[in-house]
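*Asks:* Respectively, the protein sequence lines represent chains Y and D. The numbering used here numbers the first residue of the first sequence as -4 and each following residue consecutively. The numbering used here numbers the first residue of the second sequence as 1350 and each following residue consecutively.
Hints in this document: simulated from the structure, not taken from any laboratory. Just to be clear, a hint being listed does not mean it is correct.
[To be verified] Think about it this way: if two alpha-carbon atoms lie no more than 20 Å apart in a straight line, the pair counts; the simulated PhoX-like pairs of lysine-lysine are:
1. Y:K59 / D:K1400
2. D:K1419 / D:K1400
3. D:K1448 / D:K1419
4. D:K1419 / Y:K50
5. Y:K15 / Y:K59
6. D:K1400 / D:K1448
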Amino acid sequence: GAVVSQHPSWVICKSGTSVKIECRSLDFQATTMFWYRQFPKQSLMLMATSNEGSKATYEQGVEKDKFLINHASLTLSTLTVTSAHPEDSSFYICSARDLVEGANTDTQYFGPGTRLTVL
Amino acid sequence: GQQLNQSPQSMFIQEGEDVSMNCTSSSIFNTWLWYKQDPGEGPVLLIALYKAGELTSNGRLTAQFGITRKDSFLNISASIPSDVGIYFCAGQIIQGAQKLVFGQGTRLTINP
């Protein structure tokens, strides 16, 4: 099956610093990747849609200047949390879209997540 | 916006029992996906459904795409301890619209 990796798996940083999280599709090309945020015992909340070669599309209420997204290649998207604060502590998960035109299937595969703790 | 109502929110069962959970919506979906999430991990795709009425199995798991396109169920037969986790349904409104709408999740606990 399709594999998506994330790096790092966990990070602890000081308040005010920036943190970059990478999302890679390992065995398929993904023109579209998604970034989610998940709080304990809650469902996934979509933050933004990352499109290769163009600007990301942010969901309502998500600050684009705080959560910078770059999708530089068909296998890599990055999320940078700028000037992180304790309230940004969360579990961040990416997914990559695997669209198989001939089979008419459209599936999202998720990375293992990144646990961010801001002190 | 679109919402998925997933039930039950939690289940406590004995090992070996069958499990059933479902998702409903007021919106029509063209794709239904079922995921399982273990603590501290990302969701893992279990079953993908693309056609109304479609019934698909993956080992002990069976899922169906409702004929109205507004609901789906997931069944697990003969549960085992490794089935413990949170199960999420997710629906895609239009193929090409890309975004998924997630249910609230069903937390499954199994007593050995």
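*Asks:* Take the hints in turn and mark each one as holding or not.
*Replies:* Quick rundown of the hints versus the structure:
no. : hint              : in the structure
1   : Y:K59 / D:K1400   : violated (36 Å)
2   : D:K1419 / D:K1400 : holds (12 Å)
3   : D:K1448 / D:K1419 : holds (16 Å)
4   : D:K1419 / Y:K50   : violated (32 Å)
5   : Y:K15 / Y:K59     : holds (14 Å)
6   : D:K1400 / D:K1448 : holds (18 Å)
In this structure, the hints that do not hold are numbers 1 and 4, in rising order.
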